[in-house]
Amino acid sequence: MATKHSLMSLFHRTSSQGEHNPLNMSDEQILDQIYSTHVHSHTKFDVDSLFILVENTLRRSTLIVDNVVQGSKASLEQVEDKIPQANFNSPLYTLKQIYSEMSCKPPGEEIAHITTMAILVKLSNYEWDAKAVLTLAAFAMEYGEFWLLAQHQPTDPIAKSVAVLKGVPVLTRPAAVQKHRQAITELNNLVKTTLLVIELIFELEKLTTFDTKDVPALLPAIEQIPVDVYWAIITIVAIVTQIDYLTTESGNKQDLSHYGQKINIILSKLRKQIMLCRQQIEEAEYHHRLRKFFQTPTEIMEVFKFLVYSKDAPQLLFDGAAKTTVEITELKKKHVYLLISTLDITEEEISVLRPVYDSIKANDQYKIVWIPIVEEWTEKLHKKFEFLKSKMPWYVVQHSGPIAGYKYIKEEWHFKKKPMVVVLNPQGKVQHANAFHLIHVYGMKAFPFTIADQERIDREIHWIGSVVGDSHPHISTWIREQKYILIYGGSDKEWIHQFTKHATAFANDAALKDAKIHIELFCVEKEDKSFLRRFWSGIESLFVTKAHNTVDAVTQEVQKMLSYKNETGWAVLCKGSSVVMSGHGTTILKTVAEFEKWKEFVVKKGFEPSFKEHHERIRRTHHRCIHLEIPNAAGKLPETIRCPECGRIMEIFISYKCNHSDNTSIASN
1 MATKHSLMSL FHRTSSQGEH NPLNMSDEQI LDQIYSTHVH SHTKFDVDSL
51 FILVENTLRR STLIVDNVVQ GSKASLEQVE DKIPQANFNS PLYTLKQIYS
101 EMSCKPPGEE IAHITTMAIL VKLSNYEWDA KAVLTLAAFA MEYGEFWLLA
151 QHQPTDPIAK SVAVLKGVPV LTRPAAVQKH RQAITELNNL VKTTLLVIEL
201 IFELEKLTTF DTKDVPALLP AIEQIPVDVY WAIITIVAIV TQIDYLTTES
251 GNKQDLSHYG QKINIILSKL RKQIMLCRQQ IEEAEYHHRL RKFFQTPTEI
301 MEVFKFLVYS KDAPQLLFDG AAKTTVEITE LKKKHVYLLI STLDITEEEI
351 SVLRPVYDSI KANDQYKIVW IPIVEEWTEK LHKKFEFLKS KMPWYVVQHS
401 GPIAGYKYIK EEWHFKKKPM VVVLNPQGKV QHANAFHLIH VYGMKAFPFT
451 IADQERIDRE IHWIGSVVGD SHPHISTWIR EQKYILIYGG SDKEWIHQFT
501 KHATAFANDA ALKDAKIHIE LFCVEKEDKS FLRRFWSGIE SLFVTKAHNT
551 VDAVTQEVQK MLSYKNETGW AVLCKGSSVV MSGHGTTILK TVAEFEKWKE
601 FVVKKGFEPS FKEHHERIRR THHRCIHLEI PNAAGKLPET IRCPECGRIM
651 EIFISYKCNH SDNTSIASN
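For the sequence shown, position 431 (counting from the first letter as 1) is numbered 431 according to the UniProt record's numbering, and the numbering increases by one without interruption.
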């Protein structure tokens, strides 16, 4: 325990150096010193009841001061006292020790600092909020008594005598009030502010029961509590020194302005921190309730309402077909497809759902609803929203505020600004967390777009037809006729020229004609840009639908196809809509060009085995590492992907690509 002698000797050692002036110290320097006084023993006592008594005392005392100084007649009956626990025992001995440490000290920031450190040493076994409450209680006990005597001295002889002993008349005579009006007002206001600061520290400490993962704003606020407690205590010390000066009329006054500035800054900061913490707690509790909604069978309309609308928002939908607003009761007992996107959704992306809408519009059991995600609405975005809304025949959320469940959509459904379709059944259960890519690739073949439908369709090997079959009339015909098709492309025009030359000769070779093998050639690079964009978009969607599947031959072919997107050349051999194999430009060109070397095996082994075997021989001598460029698609992507060529786990690299284009999204008119 620090003695007065040791504290004063510490003051003399440090005052010349100026190292203990808190006004010149950073928060880190203060922390270094005050942590040395703290012992993690978790001494328990009824701090809640103590704070209630302190608050009752100071609210009434400060009101009495306002009446004395301002001459007002505010009634103390207006103050509502809180009630502490009935069996509360005051830590009187500790409170007297603390006040003894504070009283009769000369003014000055360094002495106030040393006194504060001595108090922290005495309270080393208490939690930080308890240290602040105990110090404030020690002060309140004296401050309350002082102003209680001031109030009762005119009518109570004992109060009058004790008041004289306490120096109350020195400060409460009309002449003294007139002389010290500004100082008393400043001091009393600082008492009020310090009470508020400690009240907020106390409140903040109670929030520590929440997980900082759910309430991230809590962590920096908690870390700052010891420094805030230090400033609250040193402010109380300075107030006591100023009271001593005013009541004894001796020595020098204590400048409180610096403490007032600091404590008001802390008050403002704490209010913001607690407001942010409470917002995050509310969000976390909402998040938890929403998760329970989706885990427990609940009427779809109630789930939708809770997911989309904040408390006071109008709950309306816009019917794109009827061009009118409707109540959300239209969703009651329905299967609902939630189209979730930003306002950057393109016309092509909107068109993905048109065939679905056309097929289900006569069936009242299925509804599509667009939920636009906008972080901050502007007039320009409102216009864009209206334009996009006009392009959609289904329901649209008619709500120009934040989506209540945006955090849930982002974290649980992995929304990444790209369009996604969440499939919900009439009980509000998620049937598919993102069916957009499934719909994009397979359309109504995958209806009603549940996980079970995806698993069913994933077993099919006829995936190339879903990507290009409906996009080109020639391919649709060749697929129906079960012809062999060599689909090819690449970024190198010379490679395309060479492949076209050798593939044409290969397809027209007499040996194949004699074997009644007909091969059609289709170069995607010779089609328009819109077709090319749809082709690779279809491959990307196909990849996403298969990303979490057990890796089979179909999944490997899709991965290989996606890896060819930016290569010099590539080709895929199909029979009808079934993929036989795909290959990189280097190996597939050589396979076709060297037909003379393996044509004799076509009759013996068959065309497909012969093609695959020769390509595999070339591939083994031309090994290349592949890379996959995966779009930042909505939905959760796998943490690891094995190379479709060698089977090893591929490394992950992150790249950023500017996708600015005047044609990539719908512009508002």
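One should not assume that every hint holds.
Unchecked claim - In silico lysine-lysine, DSBU-like type, Cα no more than 35 Å apart, as pairs:
#, residue 1, residue 2
1, K445, K333
2, K332, K389
3, K526, K516
4, K333, K122
5, K529, K513
6, K213, K179
7, K513, K501
If you are wondering where the hints come from, they were derived from the structure by calculation, not from laboratory data.
We went through each hint and held it up to the structure:
1. Restraint check for K445 and K333: satisfied, since their Cα atoms lie roughly 24 Å apart, inside the 35 Å limit.
2. Annotation: proposed proximity of K332 to K389 holds, straight-line Cα distance about 22 Å (limit 35 Å).
3. This hinted pair checks out: K526 and K516 have alpha carbons roughly 28 Å apart, not beyond 35 Å.
4. Only pairs whose Cα atoms come within 35 Å are accepted, and K333 paired with K122 is rejected, the gap being roughly 66 Å.
5. For the hint pairing K529 with K513, the CA-to-CA distance comes to about 34 Å; that is within 35 Å, so the pair holds.
6. As the CA atoms of K213 and K179 are separated by approximately 54 Å, the hinted pair breaks the 35 Å bound.
7. Between the alpha carbons of K513 and K501 the distance comes to roughly 18 Å, so the proposed pair stays at or under 35 Å and holds.
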